[in-house]
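Taken in order, these protein sequences are the chains called A and B.
The letter at position 68 of the first sequence is residue 998 when you use the working numbering, and the numbering goes up by one with no holes.
The letter at position 4 of the second sequence is residue 8 when you use the working numbering, and the numbering goes up by one with no holes.
Careful, some of the hints might be misleading.
[Claimed, not checked] Have a look at the derived ranges for each label pair, beta carbon to beta carbon: (1) B:PRO115 <-> A:THR950: 39 to 45 angstroms; (2) A:ALA944 <-> B:GLY64: 46 to 52 angstroms; (3) A:GLU1012 <-> B:GLN6: 19 to 25 angstroms; (4) A:PRO1025 <-> B:LYS58: 18 to 24 angstroms; (5) A:LEU991 <-> B:ASP59: 35 to 41 angstroms; (6) B:ALA99 <-> A:PHE999: 22 to 28 angstroms; (7) B:ASP63 <-> A:GLY933: 16 to 22 angstroms; (8) A:ASP1001 <-> B:GLU19: 45 to 51 angstroms; (9) B:SER12 <-> A:THR943: 34 to 40 angstroms; (10) A:LYS939 <-> B:PRO86: 24 to 30 angstroms; (11) A:ARG948 <-> B:ALA99: 28 to 34 angstroms.
Keep in mind that the hints were calculated from the coordinates and are not lab data.
The beta-carbon is built from N, C-alpha and C at its ideal position, and this holds for glycine as well.
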Amino acid sequence: DSGVTQTPKHLITATGQRVTLRCSPRSGDLSVYWYQQSLDQGLQFLIQYYNGEERAKGNILERFSAQQFPDLHSELNLSSLELGDSALYFCASRPAGSYEQYFGPGTRLTVT
Amino acid sequence: DQQVKQNSPSLSVQEGRISILNCDYTNSMFDYFLWYKKYPAEGPTFLISISSIKDKNEDGRFTVFLNKSAKHLSLHIVPSQPGDSAVYFCAASGANSKLTFGKGITLSVRP
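Excised from the complex, chain B in its bound form (with noise of 0.2 angstroms):
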């Protein structure tokens, strides 16, 4: 049973454009919530997190948005950049701060 589902497996963007990276869960248990960005070869890196007990965080051109009641979440990049194609996990914390990840969605970011 996947509780983090991420359901497109890649999304292509124009540079300067907005990238919307979708996750939904299924768990009411999950409590923080967090995106993650991979490059081959690389382990994943840590880029923004959000409480469940808000619905928005923002670092830079990164805002995360959840949406408690659809079990939703989303990042939202912009202006988009040549440099965020990669593979972005959506990952949720629960007992003991283990975390369940999506299986991710590969970024494109097109000159």
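Looking at chain A on its own, in the form it has when it is part of the complex (with noise of 0.2 angstroms):
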């Protein structure tokens, strides 16, 4: 168990339809990173949050949107859904003074 919880586990809806993915990091973390795996790629990072400011963003599409609140938990918005949005979708978490990110078990997202 990593410390980082997701929820929730599977998510199924269809197209056009807006979802969001909830994200606890471990405890004393305040980065908090979301990746997007495919099939057959590798994660691809899409934005960070440090302590409730967005850090760093990635390959993520103008109909996805994240924030970090006060309590340092993230969600990632996705709006407009088409098919080819269907992944996984990975929250990280980052301790302080450490490259290792430590991740959820994932959000598993079916767009029909």
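Please dock the two separately framed chains into a single complex, following the hints provided.
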């Protein structure tokens, strides 16, 4: 158990809909990262938050947004969903002064 | 443009033998490298890492080697065990500590 929790574990929704994925980092970790893993792809960095502020953006679509709340949990919002958005979405947190990131179990999103 | 490459999609080895997993990178700004192990339906688990100022790091059965001039790193598992069967991802850390991952290699250890 990495200490990072993600909900829900599975999500099935229709095209055009909007969903919210939730992540709680390890206790004490201020940095949260979101990654997407599509079929046959490695993990693609989406966005990073540090103590409530956006720090870096990767290949994140404009239809996607995220935020980190004062209690440090983070949410990834995906809107106007398309079939190609079906993927595993992972959240990771990183302790200060460390390079290692610790991953949650992921949310499997299926868009039908 | 894929900055971290794991060119072999799969590797099969006999239990007790050495497993060597390779990884190449193109960005010379990467300063830290990590290996993650992933089982189906679980998130990646951190395995071992190496700083760009070192050429070797060892942790039990796992050793990572870094050749900066060749932009190549490898993970050695000795001896390999059936429980090591999983997908292994190589990752590199750059600006903002974001990780750039390879596509992974599926390791199968035969009993």
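To see whether the hints hold, each was checked on the structure:
1. Range check, PRO115 of chain B to THR950 of chain A: about 44 angstroms between beta-carbon atoms, so the 39 to 45 angstroms window is met.
2. A hinted range of 46 to 52 angstroms holds for the C-beta pair ALA944 of chain A and GLY64 of chain B, which are about 47 angstroms apart.
3. Range check, GLU1012 of chain A to GLN6 of chain B: about 23 angstroms between beta-carbon atoms, so the 19 to 25 angstroms window is met.
4. A C-beta distance of roughly 20 angstroms is found between PRO1025 of chain A and LYS58 of chain B, which places it inside the suggested range of 18 to 24 angstroms.
5. Take LEU991 of chain A and ASP59 of chain B: their Cβ atoms lie about 39 angstroms apart, and the range 35 to 41 angstroms holds.
6. With their beta carbons about 25 angstroms apart, ALA99 of chain B and PHE999 of chain A fall inside the hinted range of 22 to 28 angstroms.
7. Separated by about 20 angstroms at the C-beta atoms, ASP63 of chain B and GLY933 of chain A satisfy the suggested range of 16 to 22 angstroms.
8. At roughly 46 angstroms, the beta carbons of ASP1001 of chain A and GLU19 of chain B sit within the given window of 45 to 51 angstroms.
9. A hinted range of 34 to 40 angstroms holds for the C-beta pair SER12 of chain B and THR943 of chain A, which are about 36 angstroms apart.
10. A beta carbon spacing of about 27 angstroms between LYS939 of chain A and PRO86 of chain B agrees with the range 24 to 30 angstroms that was offered as a hint.
11. Between ARG948 of chain A and ALA99 of chain B the Cβ separation comes to about 31 angstroms, which falls inside the hinted range of 28 to 34 angstroms.
Checked against the numbered hints listed earlier, the structure breaks none of them; every hint is satisfied.
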